[in-house]
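> So the chains spell out like this:
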Amino acid sequence: MPSETVLQVDGLKKYFPIRKGILKRTVGWIRAVDDVSFAVTEGQTLGLVGESGCGKTTTGRCIVRLYEPTAGSIRFRLDDQLEDIVPFNHAEMKRVRQKMQIIFQDPFSSLDPRMTVHDIVAEPLRINRIGTRAQQSDRVAELLDLVGLNAAQMSRYPHEFSGGQRQRIGIARALALNPEVIVCDEPVSALDVSVQAQVLNLLMELQERLKLAYLFIAHDLSVVEYISKRVVVMYLGKIVEIADAQDLYQSPRHPYTEALLGAIPIPDPLAKRTRKPLTGTVPSAANPPSGCNFRTRCSYAQELCAREDPPLTQVGGDRSVACHFADELELTGFAGGRSSLPVPAALPNVNGDSAREGASS
Amino acid sequence: MSEAERKPAKLSKGRQKGLSQWDLMFIKFRRHRLAMASGLFLIFVYIVILFAEFFSPYPTNEKFGKFVHSPPTPIQFWDENGLSRPFVYGYKQELDMETFQRTYVADTEQKHYLNFFTRGSEYSLLGIVTSDIHFFGVDEPGLIFLFGTDRFGQDVFSRVLTGAQVTLTAGMLSVAISVVLGAVLGTLSGYYGGVVDLIVQRVIEFLSSIPRIPLWMTLAAVMPTDWSSVRIYFGIITILAFLGWMGMAREVRGKVLILRSMDYVMAAKAGGASSAYNIFKHMLPNALSHIIVVATLAVPVMIIVETSLSFLGFGIQPPMTSLGALLREAQNVQSVVNFPWLFSPAIVIIVTTLAFNFLGDGLRDAADPYSQ
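Those protein sequences? They're chains Y and P, same order as listed.
361 is the number that my numbering gives the last residue of the first sequence; the numbers go up by one with no jumps.
1372 is the number that my numbering gives the last residue of the second sequence; the numbers go up by one with no jumps.
The hints are simulated quantities; they were obtained by calculation from the structure and are not laboratory data.
Be aware that a few hints might be false.
[Stated by the list, open to error] As a list, the in silico DMTMM-like pairs of lysine to aspartate or glutamate whose alpha-carbon atoms are at most 25 Å apart:
hint, chain 1, residue 1, chain 2, residue 2
1, Y, LYS20, P, ASP1197
2, P, LYS1028, Y, GLU160
3, P, LYS1111, P, GLU1062
4, Y, LYS94, Y, ASP192
5, Y, LYS229, Y, GLU208
6, Y, LYS24, P, GLU1062
7, Y, LYS94, Y, ASP84
8, P, LYS1111, P, GLU1080
9, Y, LYS13, Y, GLU308
10, P, LYS1092, P, GLU1109
11, Y, LYS20, P, GLU1205
12, P, LYS1066, P, GLU1094
13, Y, LYS13, Y, GLU180
14, Y, LYS24, P, ASP1197
15, P, LYS1066, P, ASP1368
The following block holds chain Y by itself, in its conformation from the complex (with noise of 0.2 Å):
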């Protein structure tokens, strides 16, 4: 159902030059994002995973419009119809970047340590000159107390407080405009694991209070399974794999999902599994491997693999898979299920309220 599409991604392709030389000419492009296509519900939430440095950053990025995407499209629902926002100037972004805000990854860079917390938080309210002073407060107090904070503490500094607390600023910060879309730059990675369940509880909280959609970007594929509703698995710049998370995590149909699933370590140490682990690292998107980019380190790869590259092709309902043998492997989902997701069975739920860490000062 189209209409219920906010964001609708289309062959997005940022290509970061290589310059050289006291002239900087360019000598070459890093593919950071190469022909990637998905499509974000309401109310839903998007997850976004692979290794670091497969242009998952970059991805959101692009969306948000802090980078200048190469090629593609970014079809944004505005007034119920969706445009696109890449031809956008200054001007008329303003109007998408109070629907569509950003949380970053690291709590403690992406709060600006000489501001206070008001500050921080009523930015965005400042920056498109939104109410008087007075009403920039109470909304800060407002939005400090949906995400779990003290609203007395707003005229004290982010040092003052800790990485989930910082994390939880970001968030406030990212809602002061009232935002339809929150790109989520891998919000948790940062986090202890015990802060990260609270965070993601908060998370997923503010998605049924505020029906926000989220592109939910991370490299731990539990906690995207814990979030999201589909899954998109991105592999040096190109998308391997998109799914139900469901459908995904029982049976993978792609052999780097596979080794991500494998990956997932279970909170039991007498757990026996067998794992396939990825050996190499992640190949140079600067110069990426003929035919299919994974076959350098996939177990699978045969002759076919290193002469074509593999489309993104249906198998199936609704799901859609890059690789040449999709039908004919037999992968290895998670072991344990659903159910014993490490971060989520590993911690009760905690909601609003008991989700509060201690101060750090």
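Dock chain P against chain Y, hints included.
Quick look at chain P alone, frame taken from chain Y:
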């Protein structure tokens, strides 16, 4: 933990006030004893040289013909009756018949008491206030030369104060100009990158590759000789500044390159902020502590350069004087051996440059208040 948080210890008007980064820096700076002492010392020095005419007992160019190359006058606290208020003895000049050197012997018959806030020659302070009150002086007809006299019989102490006034303010002002230049060019270069960065960086490399002293000398030499000494003073400052901004620009560029990719700058961009907003609200405030440190460490360098230029005769011209110009008096072996007090300007230079370096050191440690 969460219970304690809900009942904050200090609640004034329902809000808790936190310590800002400046507060943290000041707390950390205060722990650096040497830097703290150097800072206070420099404040003292700058107050003294700002009011140099008030603190010096004699006008800079007053010549005491009978007291050429007189050694420093010792201040006496004891007389035949024991402890006394401070005084100086009168002078008698004697000629050594073997070496034909003039020597000065104290005339214990004459006692001249030291007075504070005495009336002396008239002067104008910073060109605004005219007064004849001096911080100290001795009863007429006594004379006091704390740092001795030079070959014209001029009081070296008074000349060091006015010389330091010129040298130390020139150092400060030229750094101020180069900070502005360096911050603007460094920010442009770092933030916009591309062609701007390319041009600014190549200009910096070119300017830095020219040997400094000859270039300064050439620039100083092209200043018209009929300029007044005040104009020459500002000319020197400009020359120092125009060749001193490169290091500053590089430092600022580096800092901006780091700050540009900080997530909070990205967040502001995602919220619709303009480049100007990011530069003035996020980057400059965060680069400021760094700029202050670099500027503090640049002042002693400028002081040394001005001193060298004036020492070589290309800098400040008479009747104005600077510490470097004063050191020209001590150029030859004869004065080194016979009149060591002519080196007092060098001591002032050494002490102030050291103080600036210690201060900069302390500021650098304080600029990153989160490190241990």
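> Are P/LYS1092 and P/GLU1109 close enough, with their CA atoms no more than 25 Å apart?
Answer holds: P/LYS1092 to P/GLU1109 is near 11 Å, not above 25 Å.
> Against the 25 Å threshold, does the CA-CA distance of Y/LYS13 and Y/GLU180 hold or violate the hint?
Holds. Y/LYS13 to Y/GLU180 sits at ~24 Å (cutoff 25 Å).
> For the pair we were handed, P/LYS1028 and Y/GLU160, check the Cα-Cα distance against 25 Å.
Between P/LYS1028 and Y/GLU160 the Cα gap is close to 16 Å, so the pair holds against 25 Å.
> Mind checking the alpha carbons of Y/LYS13 and Y/GLU308 for me, to see if they're no more than 25 Å apart?
Holds - the C-alpha atoms of Y/GLU308 and Y/LYS13 are around 20 Å apart, at most 25 Å.
> Given the hint that Y/LYS24 pairs with P/ASP1197, test it: the Cα-Cα distance must not exceed 25 Å.
11 Å, holds
> Against the 25 Å threshold, does the CA-CA distance of Y/LYS24 and P/GLU1062 hold or violate the hint?
At roughly 63 Å apart (the allowed maximum being 25 Å), P/GLU1062 and Y/LYS24 break the hint.
> For the pair supplied as a hint, Y/LYS229 and Y/GLU208, confirm whether the alpha-carbon distance does not exceed 25 Å.
Cα-Cα ~13 Å, so holds.
> Regarding the pair Y/LYS20 and P/ASP1197, is the alpha-carbon distance no greater than 25 Å?
Roughly 15 Å between the alpha carbons, so the hint for Y/LYS20 and P/ASP1197 holds.
> So if I understand the rule, the pair passes when the alpha-carbon distance is 25 Å or less; does P/LYS1111 with P/GLU1080 pass?
Since the Cα atoms of P/LYS1111 and P/GLU1080 sit roughly 12 Å apart, the hinted pair holds (cutoff 25 Å).
> Given the hinted pair Y/LYS20 and P/GLU1205, is their Cα-Cα distance within 25 Å?
Holds - the C-alpha atoms of P/GLU1205 and Y/LYS20 are around 18 Å apart, at most 25 Å.
> Would the pair P/LYS1066 and P/ASP1368 pass a check requiring their Cα atoms to be no farther apart than 25 Å?
58 Å, violated
> Would the pair P/LYS1066 and P/GLU1094 pass a check requiring their Cα atoms to be no farther apart than 25 Å?
11 Å, holds
In summary, the structure is inconsistent with hints 4, 6, 15 from the numbered list given earlier, while agreeing with the others.
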